[in-house]
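K.L.:
All chains, full assembly: derive it from the sequences and hints.
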Amino acid sequence: MPRVKAWEGYSLSATLAPSFVRALFEERGGFYVKIAGHRRGARMWQEGEEVVGEGCDEGELRYWSGIWLDRSLVEEKATYLAAAHKELGLSVSPYDRHLIFVAVFLSRATSWEGNVLRWCRGIFSRADTLEALLKLDFVEFGSSFQLKQLGPALRRYAEQVHCVSDPWEVRRALLSLRNVGPKLADAYLLFTGLDPSAPPIDRHALRMTARLGLSGVSPRRELCARYPCPECPTAASCIRWALSSIYGSAAGWVQTAFYVHDTLFCSLSSCQLCPLSRVCEPGSIKGARPRAAR
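Each residue of the sequence shown is one higher than the last, beginning at 659 in the working numbering.
Don't read these hints as lab results, they were simulated from the structure. Source: prediction; values computed, not measured. Virtual Cβ for every residue (Gly too), placed ideally from N, Cα, C. Be careful, since some hints might not be right.
[As the list claims (entries may be wrong)] Listed below are the simulated SDA-like cross-link pairs for lysine to any residue, each with C-alpha atoms no more than 25 Å apart in a straight line:
(1) LYS806 with THR787
(2) LYS744 with PHE923
(3) LYS806 with GLY780
[What the hints assert, rightly or not] Computed Cβ-Cβ distance ranges for the label pairs, DEER-style:
(4) SER907 with SER935: 47 to 57 Å
(5) CYS929 with VAL822: 36 to 46 Å
(6) VAL822 with ARG878: 19 to 29 Å
(7) ARG879 with VAL797: 24 to 34 Å
(8) VAL797 with CYS821: 41 to 51 Å
P.N.:
Written out as structure tokens, the structure is:
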């Protein structure tokens with residue numbers, strides 16, 4: 659059985675919680691069991707600062723547990739944020755790109771806990787290969803607009819995206835799909851492991867960057883579909899490019915930490931308990947470099 663060493667403060671459950679990879683696992687008595695896709699039936703669990711796997715190899719275990727992440731890079735690039743969220747790795751699955759697409763696509767404008775996980779587990783119990791998924795009628799699982807739109811999107815995904823490997827070409831192909839914008843495209847790139855420098859820009863990222871002293875705007879679909887980030891005429895004002903250029907391959911982890919931090923502290927106005935209170939500028943959109951990077 660493979661066994662991998664994490665770092666002090668790491669938590670497998672906390673790492674899986676904000677990751678789309680969580681849709682591929684189910685917690686059963688302290689074990690996380692893979693319920694769909696590559697190595698279905700594999701298990702992993704935490705023992706102290708180690709994660710142990712069964713039915714998988716060490717490389718797969720590192721990706722799923724988030725321990726593949728270069729923690730020293732995170733600590734160098736985002737010192738305060740890394741200290742505040744030692745529990746977080748970055749769980750990705752390069753082996754299940756089509757399943758990550760389903761989970762990401764379904765996540766639009768709905769509850770992750772209440773709907774997306776439930777839908778995914780119902781769908782993946784019936785089919786977990788791309789070929790089998792393409793045969794399903796997703797309205798069998800509910801009447802939401804996300805499920806109604808999934809079939810056509812998945813067919814286009816199979817034709818235009820699934821076999822492409824270059825991150826920029828994947829992003830461009832995803833943005834050609836109806837109902838897929840920059841946030842979904844970057845979430846796919848991040849949680850498939852294709853590009854760890856791709857931070858999905860959501861409301862949590864916008865709030866956190868403003869509080870930490872970085873101004874900017876969300877990426878624009880029509881420009882993202884046309885230009886790689888460094889060539890975009892609005893790159894200087896784009897939060898996505900700012901985070902990618904500042905944090906590099908740690909940018910995806912930073913966005914994940916932003917999501918967790920904003921959910922646990924900022925959205926609850928728990929400033930007195932916040933470990934980033936000394937570097938926070940509530941309501942501010944000043945500056946060019948997040949204070950948490952210093």
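K.L.:
Are any of the numbered hints broken by this structure? If so, which, sorted upward?
P.N.:
4 and 8
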